[in-house]
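**Q** These are the residues of each chain, in order.
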Amino acid sequence: MPVVCLGLSHSNAPVEVRERLAFASRDLPDAVASLSSQQGISEAVIVSTCNRMEIYAAGDSPSPAVESWLRLRFQLDGDLPFFRHLDEDAASHLFAVVSGLDSMVLGETEIFGQVKDAYSTAHSSGTTGRLLNKLFQHSFRVGKMVRNSTDIQRGSTSVGSVAVELAEKIFGDLKETRVMLLGAGDMSRRCAQSLQSRGASAIVVSNRSYDRAVELAAEMSGRAILFDAWPAEVAETDVIISSTAAPHTVIHPELILPALRRRRGRPLFIIDIAVPRDVDPAVNNIPGVYLYDIDALESIAGETRARREQEIARCLAIIKDQVRSLPLFQPSPDGSPSPIHRPA
Amino acid sequence: MSPDRAALFTATGFFLAGFGYTVRSLSKGKPTATWPAFLLLLAGFSCQCAFLLWRGRDLGRCPITTPFELLSFVSWAMVLLYFLTGTAYRLSLLGAFTAPLAFVLQGTALLKPESAAVPSRSRPGFWPEMHATLSLIAYGAFALACVAGILYLIQDRLLKRHRGMQVVRHLPPVHHLSQAVHRLILTGTIILSSGILAAYQMPNRPPVGKLTFVWAIWGIYAAILAYDHWRGMSPRKAAWAASLGFLLPIISLWVVVRR
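Note that the protein sequences, when read in sequence, are chains A and B. At position 265 of the first sequence (counting the first as 1) the number is 265 in the numbering used here, and the numbers step up by one without a gap. At position 56 of the second sequence (counting the first as 1) the number is 56 in the numbering used here, and the numbers step up by one without a gap.
Calculated directly from the structure, the hints in this document are not laboratory data. Treat the hints loosely; a few may be bogus.
To be verified - In silico SDA-like links for lysine to any residue, alpha-carbon gap of 25 Å or less:
#, chain 1, residue 1, chain 2, residue 2
1, B, Lys-160, A, Glu-236
2, B, Lys-160, A, Glu-165
3, B, Lys-160, A, Ala-296
4, B, Lys-160, A, Met-187
5, A, Lys-144, B, Arg-169
6, B, Lys-160, A, Ile-294
7, A, Lys-175, B, Ser-25
8, B, Lys-160, A, Lys-144
9, A, Lys-144, B, Ser-25
Extracted from the complex, chain A is given alone in its bound form:
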């Protein structure tokens, strides 16, 4: 029985197309049940995320059946913007997706859980059988194998995640960490949210416009202070994220040094994401103070991305081996295709 993978992703379809052909998670059980009831399809799984919509189907003639079902459901005319993979290619594609090789952020891990959820939905809707069960369960093993034996998921690839990783290498657990935002820009907010998601507790917002500080502080369950009051807070702060629109530096060693003694050796992490920079580079020379500007953070994220790119070949080799060893597509000993491997 042939297996087909038909779908679209961020690599071949813009967001306007993807959002039109997406399935809401609440609709997935009904959709997958409707799909598998089509003639020519006996098993089906629908993976629908913000970056992709893929249908895996097995049956006597799954490819035309999936196509006509999609045309009908989304009222599509003319050429369809879908890629199409058969048998080993479909397996290979699924393994690459689960391993994060086909993701917008190379090596990200969220897709693993999303595919697992999609499979689980299909499984509980009774639309998976022997073939897709084996294929998906094997794909999860491959995803783990790729993650454990390569560096494809190691390190951080965005400014926010690099900031979190560095904070953890400075403080360890972020649960007791106190964060101060200087300036209420969007990027500093996202950075603070990343730290909050890892446990950072108290958030203090200081901005030239006090109203904006109050607004952002309320959004982040924090506390707003007047802009002139921030130096007095340094002794009680662990991470300062600065992104003011000031044309000159606002954080100088003489503003930091008096607070250090009261910190009793606790380090201070300063993230300067403003351009022009907010923090005098001399601040980094103070013992126990770690200053990272936007270039330093971008550079670390870039290094990780480059290292992940270098890992692709190793990942593909693992996937190739795993597809070859998959019993679903192995030829019989006499060389003829196995009963479950026929052209679509």
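Following the hints, complete the assembly by docking chain B onto the known chain A.
**A** Coordinates of chain B only, in the frame set by chain A:
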């Protein structure tokens, strides 16, 4: 080979294997804080305990009568303190660096000619034995503080220079390391204070030169703690002090071992 010596040989082998495993993990960019590394250290520690037990039974006292035994005892104290502090503060990599130091100490001990000699029973009395034992356990704490201090200096330098994220990821957080340095110095100083007090209870007071040297070691670490308490010492200075301060215990051990 006597069973006690065989146990020490085995322990030394486990520490070498633990160090080799860490180096291999680091070079492959894999996490080092893994069960194999911990188990190798634990296996080494168990063999050390067996060595001290056998040796102590033969001697009828704490086995710190020869340079061979002294080095082995310091190595044991260091690994013991690692299990008490390193695991509690999630400083797994501290164990990775404790393993090579334990290997060097025990390797040196096993090379000493008297390591093969049959131990002779002697009973120096409670206070001399207490003084020596406590002083050596304190040295173990200072050795571990030295290791934590060196790790802190490496991690601090890499974080300051925004370089070597591959290495940074594998080293413990700087704050944990600076806390470990402080706690190990405090622990070592308290234990050494007890060791010095024990020396003053001995019926025959140790030679003035020896006591002065022990006081000097105590003074250095007590000064670090006092400075930190009253003036607030930066973690970097504390790490340097812990790393360089261990030179004095090393010298005292070297003097004893050369005898």
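**Q** With reference to the structure, classify each hint as holding or not holding.
**A** Hint-by-hint comparison with the structure:
no.: 1; hint: B:Lys-160 x A:Glu-236; in the structure: 22 Å, holds
no.: 2; hint: B:Lys-160 x A:Glu-165; in the structure: 15 Å, holds
no.: 3; hint: B:Lys-160 x A:Ala-296; in the structure: 11 Å, holds
no.: 4; hint: B:Lys-160 x A:Met-187; in the structure: 23 Å, holds
no.: 5; hint: A:Lys-144 x B:Arg-169; in the structure: 21 Å, holds
no.: 6; hint: B:Lys-160 x A:Ile-294; in the structure: 15 Å, holds
no.: 7; hint: A:Lys-175 x B:Ser-25; in the structure: 29 Å, violated
no.: 8; hint: B:Lys-160 x A:Lys-144; in the structure: 34 Å, violated
no.: 9; hint: A:Lys-144 x B:Ser-25; in the structure: 19 Å, holds
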